[in-house]
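4 protein chains.
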Amino acid sequence: MLELNEIINKIIAFRDRREWARYHTPKDVAMSLAIEAAELMELFQWKPSREDIDEERLQRIREEVADIAIYLMIFCHDLNIDLYRAIEDKLVMNEEKYPAETSKDLW
Amino acid sequence: MLELNEIINKIIAFRDRREWARYHTPKDVAMSLAIEAAELMELFQWKPSREDIDEERLQRIREEVADIAIYLMIFCHDLNIDLYRAIEDKLVMNEEKYPAETSKDLW
Amino acid sequence: MLELNEIINKIIAFRDRREWARYHTPKDVAMSLAIEAAELMELFQWKPSREDIDEERLQRIREEVADIAIYLMIFCHDLNIDLYRAIEDKLVMNEEKYPAETSKDLW
Amino acid sequence: MLELNEIINKIIAFRDRREWARYHTPKDVAMSLAIEAAELMELFQWKPSREDIDEERLQRIREEVADIAIYLMIFCHDLNIDLYRAIEDKLVMNEEKYPAETSKDLW
Chain A
0 MLELNEIINK IIAFRDRREW ARYHTPKDVA MSLAIEAAEL MELFQWKPSR EDIDEERLQR
60 IREEVADIAI YLMIFCHDLN IDLYRAIEDK LVMNEEKYPA ETSKDLW
Chain B
0 MLELNEIINK IIAFRDRREW ARYHTPKDVA MSLAIEAAEL MELFQWKPSR EDIDEERLQR
60 IREEVADIAI YLMIFCHDLN IDLYRAIEDK LVMNEEKYPA ETSKDLW
Chain C
0 MLELNEIINK IIAFRDRREW ARYHTPKDVA MSLAIEAAEL MELFQWKPSR EDIDEERLQR
60 IREEVADIAI YLMIFCHDLN IDLYRAIEDK LVMNEEKYPA ETSKDLW
Chain D
0 MLELNEIINK IIAFRDRREW ARYHTPKDVA MSLAIEAAEL MELFQWKPSR EDIDEERLQR
60 IREEVADIAI YLMIFCHDLN IDLYRAIEDK LVMNEEKYPA ETSKDLW
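Residue numbers (numbering that gives the first Met the number 0), protein chains in the order written: chain A, 0 to 106; chain B, 0 to 106; chain C, 0 to 106; chain D, 0 to 106.
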């Protein structure tokens with residue numbers, strides 16, 4: 000299986016061959032992440048429950064998921080954020096904030 | 000370095016100890032991704048260019064990045080999407096859509 | 000000048016001729032609002048400052064603004080929210096939260 | 000009933016007493032609209048169907064709706080967009096795009 004930094008390197012190489020770093024301020028990449036997240040959400044507009052997702056819709060979902068991940072990795076790369084470390088730290092924070100025994104009901 | 004599936008396993012174990020899978024329809028997780036992306040964007044509202052990001056803001060950025068990544072991995076896990084494969088496939092599509100030689104200007 | 004309720008009536012008549020009320024849960028309309036807001040934001044991705052907005056872009060901006068307003072009015076209509084009253088109440092709250100004399104710097 | 004331009008005048012007066020116009024580029028106001036739309040959506044996260052909306056939640060919904068409307072009106076004011084005209088033009092476009100007789104099913 001690929002390592003995270005191999006994937007990031009591929010993404011950054013793609014970006015750098017197009018000289019797009021000059022567009023990629025953290026603010027604009029954060030905006031782009033939000034735009035792609037909305038495009039993913041649009042695939043669930045009005046109705047789609049799990050049973051409504053056919054093969055063609057699943058393919059479009061995979062593409063939007065990839066767009067989100069690509070911007071997320073560019074964002075982390077440019078701000079020197081170690082993504083897996085950030086996730087592990089957040090899980091520790093969430094363990095405290097939502098103790099397993101007493102946090103079952105979200106509603 | 001951790002492997003992607005080790006991180007995903009940690010996240011899903013966290014979720015399952017709280018029995019939250021019953022809330023996590025793909026539609027609601029996609030909504031949650033968009034909500035977290037907006038919270039990241041909020042940290043850049045009005046002004047923040049790279050120079051405005053101090054250590055305290057960077058810490059909040061890391062936490063929002065982690066929230067986005069956690070929902071992204073839950074989403075992929077629940078729909079059986081191989082995230083790295085999805086990224087690699089999208090990079091191939093983008094290679095065709097944006098040929099390096101002729102796609103330098105985004106504006 | 001048209002009154003707010005005349006505009007709302009036109010929008011609801013448009014909706015009802017298509018029998019779309021069955022899709023318009025408040026949750027889905029809120030999602031749709033967020034999707035349209037992201038589409039407006041997309042027109043400012045990467046660069047656009049005020050000087051970059053030409054006539055053609057301004058026309059697309061007008062259309063996205065209308066989409067946001069249409070969903071906002073459907074949302075208010077369906078939940079019996081008086082939009083102008085809600086705005087006026089919020090301005091009173093904001094007057095207290097951000098006293099004019101001491102709230103000039105947002106950053 | 001208040002006229003639209005009276006509401007807009009109140010909002011702009013509120014803004015100008017705080018000298019916030021210097022923060023309000025169209026790009027940042029569009030971002031802010033998307034942030035507020037996500038906050039509204041958050042009130043429907045995980046479950047809320049219409050029956051789950053109690054009086055306290057409805058009050059928070061009203062406040063988020065007002066925030067969206069306030070940014071929408073600032074945006075229109077600053078770009079000289081006539082909001083009602085934009086809505087009416089969009090309804091005409093939508094009449095053609097979604098003929099009432101053949102556009103009943105969105106899914």
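Because the hints were derived from the structure by calculation, they are not lab data.
Among these hints, one or two may not hold up.
Any copy will do: because identical chains look the same in the list, a pair fits if it lies in one copy or spans two.
The calculated lysine-lysine pairs, modelled on DSS-like cross-linking and capped at a C-alpha distance of 30 Å, are [stated by the list, open to error]:
#1 Lys9 to Lys103
#2 Lys96 to Lys46
#3 Lys103 to Lys46
#4 Lys9 to Lys46
Structure-based check of all given hints:
1. For the homomeric pair lysine 9 and lysine 103, the shortest alpha-carbon distance between copies (18 Å) is at most 30 Å, but the shortest distance inside one copy (40 Å) is not.
2. Taking the shortest Cα distances, lysine 96 and lysine 46 sit within 30 Å of each other only across copies (21 Å), while inside one copy they are farther apart (32 Å).
3. Taking identical chains as interchangeable, the C-alpha atoms of lysine 103 and lysine 46 lie at most 30 Å apart whether they share a chain (26 Å) or sit on different chains (14 Å).
4. In this homomeric assembly, lysine 9 and lysine 46 come within 30 Å of each other (Cα to Cα) only across copies, at 25 Å, whereas the closest approach inside a single copy is 36 Å.
In this structure, every one of the numbered hints holds.
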